[in-house]
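Chains as they are written, first to last, in our numbering: chain A, 9 to 234; chain B, 423 to 647.
Wrong hints could be hidden among the right ones.
[What the hints assert, rightly or not] Which chain B residues stay away from chain A? Per the calculated CB distances, all over 10 Å, these:
id: 1; residue: Gly484
id: 2; residue: Pro569
id: 3; residue: Thr582
id: 4; residue: Pro607
id: 5; residue: Gly611
id: 6; residue: Leu642
id: 7; residue: Arg644
[Said to hold, decoys possible] Computed footprint of chain B on chain A; a stretch qualifies when at least three of its residues, placed anywhere within it, have a C-beta under 8 Å from a C-beta of chain B:
id: 8; region: 69-78
id: 9; region: 106-115
id: 10; region: 176-182
id: 11; region: 186-194
id: 12; region: 209-219
[Claimed, not checked] Taking beta-carbon pairs under 8 Å as the criterion, some of the chain B residues facing chain A (in silico):
id: 13; residue: Thr454
id: 14; residue: Arg476
id: 15; residue: Ile493
id: 16; residue: Phe612
Read the hints as simulated data drawn from the structure, not as lab findings. Even for Gly, the Cβ is constructed at its ideal location relative to N, Cα and C.
Read off the chains here:
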Amino acid sequence: MIVAATYDLFGFVSENWEPLLRGLGRTVKVSAIAIFGALVIGIVFGAARAHRIPILGQVAAAYVELIRNTPILVQIFFLYFGLGQFESTRLDVFTIAWLSVMVWGGAFNTENFRAGFEAVPYGFREAGLALGFTRFRTFLSVTLPIGGRIALPSSINTYIAVFKNTALLYVIAYEELTTTAFQIQALTLETLEAWTVLGLVYLTLVWTLSALIRLLESRLALPEAA
Amino acid sequence: MPEWAEPVARYLLEQGLVGTLRIAAVSLALSTAIGVTLGTLLTIRFAPSRALIRLYIEVWRGLPIIVTLFIVYFGAPAISLRFEMDPFTAGTVTLTLWGSAQIAEATRGAVQSISRAQHEAASALGFGWVGRHVSVILPQAARRLLPPLVSLLIGIVLNTTLIGIIGGAELLEAAERMVEVVNAPEPAGFGDRGEFPIYAGVMLVFFLICFPLTRLAAYLERRLV
Chain A
9 MIVAATYDLF GFVSENWEPL LRGLGRTVKV SAIAIFGALV IGIVFGAARA HRIPILGQVA
69 AAYVELIRNT PILVQIFFLY FGLGQFESTR LDVFTIAWLS VMVWGGAFNT ENFRAGFEAV
129 PYGFREAGLA LGFTRFRTFL SVTLPIGGRI ALPSSINTYI AVFKNTALLY VIAYEELTTT
189 AFQIQALTLE TLEAWTVLGL VYLTLVWTLS ALIRLLESRL ALPEAA
Chain B
423 MPEWAEPVAR YLLEQGLVGT LRIAAVSLAL STAIGVTLGT LLTIRFAPSR ALIRLYIEVW
483 RGLPIIVTLF IVYFGAPAIS LRFEMDPFTA GTVTLTLWGS AQIAEATRGA VQSISRAQHE
543 AASALGFGWV GRHVSVILPQ AARRLLPPLV SLLIGIVLNT TLIGIIGGAE LLEAAERMVE
603 VVNAPEPAGF GDRGEFPIYA GVMLVFFLIC FPLTRLAAYL ERRLV
């Protein structure tokens with residue numbers, strides 16, 4: 009009970025806010041890069057899957073199944089240690105940090121967008137083609153805006169998961185929020201304070217993003233669905 | 423094939439995979455029991471209990487699982503040494519907190535999807551709240567719970583790897599140990615490099631377990647809902 013008796017959350021924050029903020033900054037930076045990458049991967053591979061584009065569609069399917077059915081932690085280990093075995097494929101920690109969560113998010117996003125694009129009624133695309141649009145133009149002007157909206161809530165859920173998964177970068181000692189909090193409590197022994205702050209920061213951000221989804225969902229919902 | 427391939431593979435499967443499956447089985451059972459109970463209680467229109475269960479769900483679903491693991495394994499013993507746990511227990515508690523939150527949410531939806539008439543019919547037959555739910559509502563809701571339960575099993579199997587971080591015996595931890603052995607110079611080790619093949623092998627093992635399960639989840643989704 010001795011440790012708990014000295015519990016001082018305010019003191020902990022006022023002494024350690026600088027490294028914590030820097031850690032949070034890295035968490036946000038890696039998340040932002042990964043989320044943007046996952047968005048691009050999701051749209052391209054999702055379209056390839058939905059429109060059964062030869063080769064690219066199969067590659068996308070294999071990629072999705074491999075990533076979804078293996079632990080992200082093992083993926084990180086594979087990128088860091090596995091590829092690190094060879095001089096030519098060795099990557100630095102920051103690259104592995106954003107790459108690993110991006111590859112993971114991209115796989116889930118491919119499924120989100122595939123489902124979204126497939127939900128666009130065939131008649132809409134037919135109408136686009138009948139107006140003389142090329143297939144690519146039809147995709148850009150018809151399938152993407154409608155299917156993208158359908159995929160939006162589930163894809164934001166994936167982005168929240170990407171953000172949460174950056175905490176796993178602790179295992180490669182990339183100094184994001186979780187690693188920073190871990191290092192501070194290892195030095196100061198203020199274990200409870202460190203986990204309280206860590207938990208509160210993650211919950212605040214995750215809950216805010218979830219609330220945003222609900223807001224977006226009601227704002228961007230397709231007219232007929234509303 | 424290098425000479426270490428066979429003993430390493432044997433160790434990974436006999437020590438690592440067995441540990442992974444043991445943690446997964448216990449966590450799945452506990453998550454289901456707690457999750458179904460909380461999810462059913464969540465359908466009662468009583469604000470305080472609803473708020474508490476909602477908080478439980480949102481907290482354990484909102485936190486990255488690794489943070490929950492640190493809170494359970496390092497944080498709880500700082501409150502009282504009575505909460506000190508071995509990695510297996512801490513891992514099981516962590517996965518159960520996360521898993522039960524997922525199942526509670528799914529159960530709420532499943533229970534609410536059962537028509538009002540079923541509740542009324544059960545009440546008319548003289549069932550109390552508990553009997554009505556256990557004997558009439560939950561058996562019907564179970565159909566809808568099957569796909570999320572299979573998804574939960576996949577999620578739990580994948581997330582058991584986190585327990586290796588705190589030194590619990592599971593597949594990834596076993597792989598780390600084997601990489602050390604293979605990379606150590608002779609005569610203690612094999613004086614080779616094992617990272618690439620061993621972590622690729624671990625990925626393959628997880629894939630072979632989870633791929634059929636995701637297929638099953640997709641099939642159940644189509645058939646049952």
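So, going through the hints one by one against the coordinates:
The Cβ of Gly484(B) does not lie farther than 10 Å from every Cβ of chain A; its closest approach is about 4 Å, which violates its non-interface assignment. With 10 Å as the threshold on Cβ separation, the claim that Pro569(B) sits away from chain A holds: the shortest Cβ distance comes to roughly 15 Å. With a minimum CB-CB distance of about 8 Å to chain A, Thr582(B) fails to clear the 10 Å threshold, and the non-interface call is violated. Non-interface status of Pro607(B) relative to chain A is upheld: no Cβ of that chain comes within 10 Å, the nearest being about 16 Å off.
The Cβ of Gly611(B) sits about 15 Å from the closest Cβ of chain A, beyond the 10 Å cut-off, so the non-interface label holds. Even its closest Cβ contact with chain A, about 16 Å, leaves Leu642(B) beyond 10 Å, as expected for a residue assigned away from the interface. With a least CB separation of 13 Å from chain A, Arg644(B) remains clear of the 10 Å interface cut-off, as annotated. Check on the region 69-78 of chain A: 5 of its residues sit with their Cβ under 8 Å from a Cβ of chain B, so the three-residue criterion for coverage holds.
Counting residues of the region 106-115 of chain A whose C-beta lies closer than 8 Å to any C-beta of chain B gives 0; at least three are required, and the coverage claim is violated. Coverage of the region 176-182 of chain A by chain B holds [criterion: at least 3 residues with CB-CB distance below 8 Å; count 3]. Requiring three or more residues with a Cβ within less than 8 Å of a Cβ of chain B, the coverage given for the region 186-194 of chain A holds, as 3 such residues are present. Against chain B, the region 209-219 of chain A contributes 5 residues with a C-beta closer than 8 Å to a partner C-beta. That satisfies the three-residue criterion, and the hint holds.
For the restraint placing Thr454(B) at the interface with chain A, the shortest Cβ-Cβ distance is roughly 21 Å, beyond the 8 Å limit, so the hint is violated. At about 12 Å, the closest approach between the beta carbon of Arg476(B) and any beta carbon in chain A exceeds 8 Å, and the interface hint on this residue is violated. With a cut of 8 Å, the hint placing Ile493(B) at the interface with chain A holds, because the nearest CB-to-CB distance is about 5 Å. Violation of the interface hint for Phe612(B) is found here, the shortest Cβ-Cβ separation to chain A being roughly 14 Å, above the 8 Å cut-off.
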